[in-house]
Amino acid sequence: MLELLTRSFEASTILVLAALGELISQRAGVLNVGLEGLMLFGGTLAFITAQSTGSYILGVLAGLAVGGFLGLAHGFFSITLRGDQVVSGMGLWILSFGLTTYIGSPYTGPLGMERIQTPFGLSPFVYLAVILVAAAWLLVFRTGPGLAIRSSGENPSAAEVSGINVAAIRYLCVTFGGMLAGLSGATYTLSYNPVWNYNFLGGWGFTSLALVFFSMWNPWILLAGASMFAAMWQLSLSPELVLPGILSRYIWRTLPFVTTIVILSIISTPWFRTRWGLARPEALGRPYAKE
Amino acid sequence: MKPLLSQPRFAVFRGFALVVLLTLLVGSSGRAPAPAAAGPQKPVTLAILHFSVIKGTTWSGAHHRAAQRLAQKYPNVKYVYREEVGPDATVPFAKELIDNGANIVVGNAEFMGLPLGTIADQYPNVYFGSVIASDLTQKRNFIRFFPRQYQALYLEGLIAGALTRTGNIGIVSAFPNIQVIRRTAGFYLGVQDAAKALGKRVNVYVKYVGDWYKPTEERDVARTLASQFKVDVITQQTDSGSPLDVAQERRIWFVGKDMDVVGFYGWSNTNTVAVSFDTRWEVLYDRMIRDFLAGNQNPRTMLYLGMKDTMTLADGTVEPAVDIMNNKKVGVDAISPRAKPLISASILKLVNQRRQQMMKGQWDPFFEHAFISNGTGLALKGTPIPAKGSVVKKARQTPSDEFLLGKFNFDLEGMIILK
Numbered sequence: 000m001l002e003l004l005t006r007s008f009e010a011s012t013i014l015v016l017a018a019l020g021e022l023i024s025q026r027a028g029v030l031n032v033g034l035e036g037l038m039l040f041g042g043t044l045a046f047i048t049a050q051s052t053g054s055y056i057l058g059v060l061a062g063l064a065v066g067g068f069l070g071l072a073h074g075f076f077s078i079t080l081r082g083d084q085v086v087s088g089m090g091l092w093i094l095s096f097g098l099t100t101y102i103g104s105p106y107t108g109p110l111g112m113e114r115i116q117t118p119f120g121l122s123p124f125v126y127l128a129v130i131l132v133a134a135a136w137l138l139v140f141r142t143g144p145g146l147a148i149r150s151s152g153e154n155p156s157a158a159e160v161s162g163i164n165v166a167a168i169r170y171l172c173v174t175f176g177g178m179l180a181g182l183s184g185a186t187y188t189l190s191y192n193p194v195w196n197y198n199f200l201g202g203w204g205f206t207s208l209a210l211v212f213f214s215m216w217n218p219w220i221l222l223a224g225a226s227m228f229a230a231m232w233q234l235s236l237s238p239e240l241v242l243p244g245i246l247s248r249y250i251w252r253t254l255p256f257v258t259t260i261v262i263l264s265i266i267s268t269p270w271f272r273t274r275w276g277l278a279r280p281e282a283l284g285r286p287y288a289k290e
Numbered sequence: 000m001k002p003l004l005s006q007p008r009f010a011v012f013r014g015f016a017l018v019v020l021l022t023l024l025v026g027s028s029g030r031a032p033a034p035a036a037a038g039p040q041k042p043v044t045l046a047i048l049h050f051s052v053i054k055g056t057t058w059s060g061a062h063h064r065a066a067q068r069l070a071q072k073y074p075n076v077k078y079v080y081r082e083e084v085g086p087d088a089t090v091p092f093a094k095e096l097i098d099n100g101a102n103i104v105v106g107n108a109e110f111m112g113l114p115l116g117t118i119a120d121q122y123p124n125v126y127f128g129s130v131i132a133s134d135l136t137q138k139r140n141f142i143r144f145f146p147r148q149y150q151a152l153y154l155e156g157l158i159a160g161a162l163t164r165t166g167n168i169g170i171v172s173a174f175p176n177i178q179v180i181r182r183t184a185g186f187y188l189g190v191q192d193a194a195k196a197l198g199k200r201v202n203v204y205v206k207y208v209g210d211w212y213k214p215t216e217e218r219d220v221a222r223t224l225a226s227q228f229k230v231d232v233i234t235q236q237t238d239s240g241s242p243l244d245v246a247q248e249r250r251i252w253f254v255g256k257d258m259d260v261v262g263f264y265g266w267s268n269t270n271t272v273a274v275s276f277d278t279r280w281e282v283l284y285d286r287m288i289r290d291f292l293a294g295n296q297n298p299r300t301m302l303y304l305g306m307k308d309t310m311t312l313a314d315g316t317v318e319p320a321v322d323i324m325n326n327k328k329v330g331v332d333a334i335s336p337r338a339k340p341l342i343s344a345s346i347l348k349l350v351n352q353r354r355q356q357m358m359k360g361q362w363d364p365f366f367e368h369a370f371i372s373n374g375t376g377l378a379l380k381g382t383p384i385p386a387k388g389s390v391v392k393k394a395r396q397t398p399s400d401e402f403l404l405g406k407f408n409f410d411l412e413g414m415i416i417l418k
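Just so you know, the protein sequences line up as chains F and P, in that order. Letter 236 of the first sequence, counting from 1, is numbered 235 in numbering that gives the first Met the number 0, and no numbers are missing. Letter 301 of the second sequence, counting from 1, is numbered 300 in numbering that gives the first Met the number 0, and no numbers are missing.
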């Protein structure tokens with residue numbers, strides 16, 4: 000059981016970091032469906048940098064930097080050019096998928112460095128993720144800048160009238176979101192599975208994106224959702240960790256996805272939408288033109 | 000007096016006899032002469048459709064290396080390729096390459112077989128080829144091929160069975176399919192032969208991740224095998240480097256597949272990789288090229304080559320289609336210097352003996368051993384999984400290639416397939 004929990008926390012960290020950045024970006028009104036691409040790029044450059052320099056810190060910084068840059072690029076398309084955010088995000092994902100495969104292929108294989116120390120059996124990224132969740136909650140719900148972020152995502156015109164620079168807020172948030180996506184990728188390739196393989200995430204970025212909607216844009220619910228999904232993921236892969244010999248592997252493997260369908264069904268009911276629908280940022284995904 | 004045949008009236012006969020003698024000499028060599036040695040040859044373009052990227056992959060990487068080696072050996076052979084070819088792109092890319100002069104078009108994933116076979120009739124002068132997973136469809140100019148990797152896997156199994164101290168060996172596997180089942184059977188027979196020779200019990204655990212390439216799942220499954228099932232030797236029937244990394248992390252032995260990843264990619268070292276096997280697709284492609292150069296309108300359409308089938312590379316190295324290999328060493332020398340002292344002399348001798356026998360075509364694990372069903376595997380249409388304990392093939396019987404490639408759908412008795 001302890002191993003299941005440890006692995007679940009480590010897996011959930013990747014989801015949490017990416018989803019948390021996206022949550023803040025969405026709170027400001029910018030949707031980035033290319034999250035997986037940012038994670039792929041962050042993870043790839045972090046891996047290459049760490050392997051080339053022998054420094055984990057430089058690797059993490061490279062992941063943050065490239066994630067931030069791609070977030071900024073997405074901001075340029077969706078804020079300055081007022082392009083369709085879904086199209087821009089998908090473009091980033093496709094670009095990243097192809098480019099990381101091209102750039103990373105010569106680096107295929109294990110990282111080949113001493114492992115990152117694991118205080119109390121957990122990667123330091125796990126602790127960092129929890130701290131960031133708490134910080135994000137405080138920022139969004141308990142501070143003035145948080146109010147500005149939420150205002151930009153709810154009613155940008157009103158926010159602008161009240162003196163908030165919506166474009167600047169959105170740029171900051173989407174760039175910060177990109178940085179966290181890059182950090183998430185770095186966490187994967189430097190700590191969780193320190194081996195470079197093309198398309199190594201296999202859809203975890205999209206899972207992170209879905210978790211943001213599941214969380215109703217609340218960091219603590221996000222943490223809980225990510226932990227639950229990661230635990231189910233681990234259980235579906237290795238039921239022997241707690242329930243050896245029970246049920247077929249095919250049934251176990253469906254567990255996370257069946258649960259996802261159930262949850263999505265519930266949150267799409269009129270009752271749920273009426274009760275919780277207000278949590279969705281009103282201006283999410285809509286370009287803002289200053290009047 | 001001159002001998003009878005030296006007399007002028009026998010000059011025509013002498014010429015005829017010389018031609019017959021030369022023909023006999025060439026014919027009796029057992030294989031066609033190397034085209035490079037036969038003077039100028041017509042140009043041949045070998046086109047490979049790689050289903051994945053080449054760099055950093057052991058499957059497409061090995062096919063790419065094979066074609067490069069052939070181009071190096073035969074100056075008249077040109078190699079062209081396309082990467083990341085999906086099912087929808089197989090025919091368009093094949094046609095494009097043919098339009099640009101390709102004479103032999105090969106797909107290195109089975110999903111390319113059906114589309115290539117479909118267009119084979121449209122290009123009667125082009126050879127088409129596709130690796131086999133279970134479908135054996137052939138046509139006059141549509142060749143199916145696969146190496147007998149199970150032979151090298153048997154040798155790996157001997158080494159793994161001797162190396163394990165916990166008595167537990169783990170296999171991170173893709174999903175039940177004939178290729179996986181056949182290769183795993185070769186490995187398993189080797190493990191059990193080593194266990195029998197050493198008088199110990201060895202469990203082989205197989206855990207599926209669901210596909211050939213799932214880096215994250217492969218890692219988690221490898222960790223589970225190490226932590227829950229106490230495996231101290233791990234191997235894989237999947238394609239990512241994750242199980243190798245877990246072996247390094249846990250300081251357990253790794254047994255590699257498809258390619259010598261230490262020698263060619265430097266992904267690890269012999270402190271982790273006990274042994275690996277290397278697939279030389281060039282030996283199979285070489286047969287196609289030689290048939291083509293010979294102007295054969297009816298080439299061999301089934302190539303299932305093993306350790307007894309060899310070719311000579313440009314540098315003079317004679318290599319079999321498959322062999323155990325590690326850090327660019329072959330045979331018993333391929334065993335890690337750190338692992339070798341842990342393996343008893345009798346097993347080392349057995350590895351060497353079996354390898355030599357297989358290279359001479361005198362022995363084969365699938366001939367020697369009975370196939371007794373474990374009751375698990377892959378149910379095929381018209382071929383259900385044989386009941387547990389049923390003897391599908393007796394010992395010292397040769398299974399047909401068609402059976403091995405298309406109907407071997409059950410795990411061998413004693414294997415532990417995890418849920």
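Each hint should be verified, as a subset may be incorrect.
Cross-link-like lysine to aspartate or glutamate pairs, in silico, DMTMM-like; alpha carbons within 25 Å at most [what the hints assert, rightly or not]: (1) K41/P x D98/P; (2) K418/P x E2/F; (3) K387/P x E2/F; (4) K418/P x E239/F; (5) K229/P x E2/F; (6) K307/P x E318/P; (7) K229/P x E159/F; (8) K229/P x E239/F.
Covered stretches of chain P, as calculated for chain F (at least 3 residues, CB under 8 Å) [stated by the list, open to error]: (9) 46 to 57; (10) 273 to 284; (11) 338 to 348; (12) 382 to 390.
These are computed hints drawn from the structure, not numbers from a lab. Note that CB positions come from ideal geometry on N, CA and C, so glycine has one too.
Right, here's what the structure says about each hint:
no., hint, verdict
1, K41/P x D98/P, "holds, 18 Å"
2, K418/P x E2/F, "holds, 18 Å"
3, K387/P x E2/F, "violated, 34 Å"
4, K418/P x E239/F, "holds, 8 Å"
5, K229/P x E2/F, "holds, 14 Å"
6, K307/P x E318/P, "holds, 9 Å"
7, K229/P x E159/F, "violated, 62 Å"
8, K229/P x E239/F, "holds, 13 Å"
9, 46 to 57, "holds (count 6)"
10, 273 to 284, "violated (count 0)"
11, 338 to 348, "violated (count 0)"
12, 382 to 390, "violated (count 0)"
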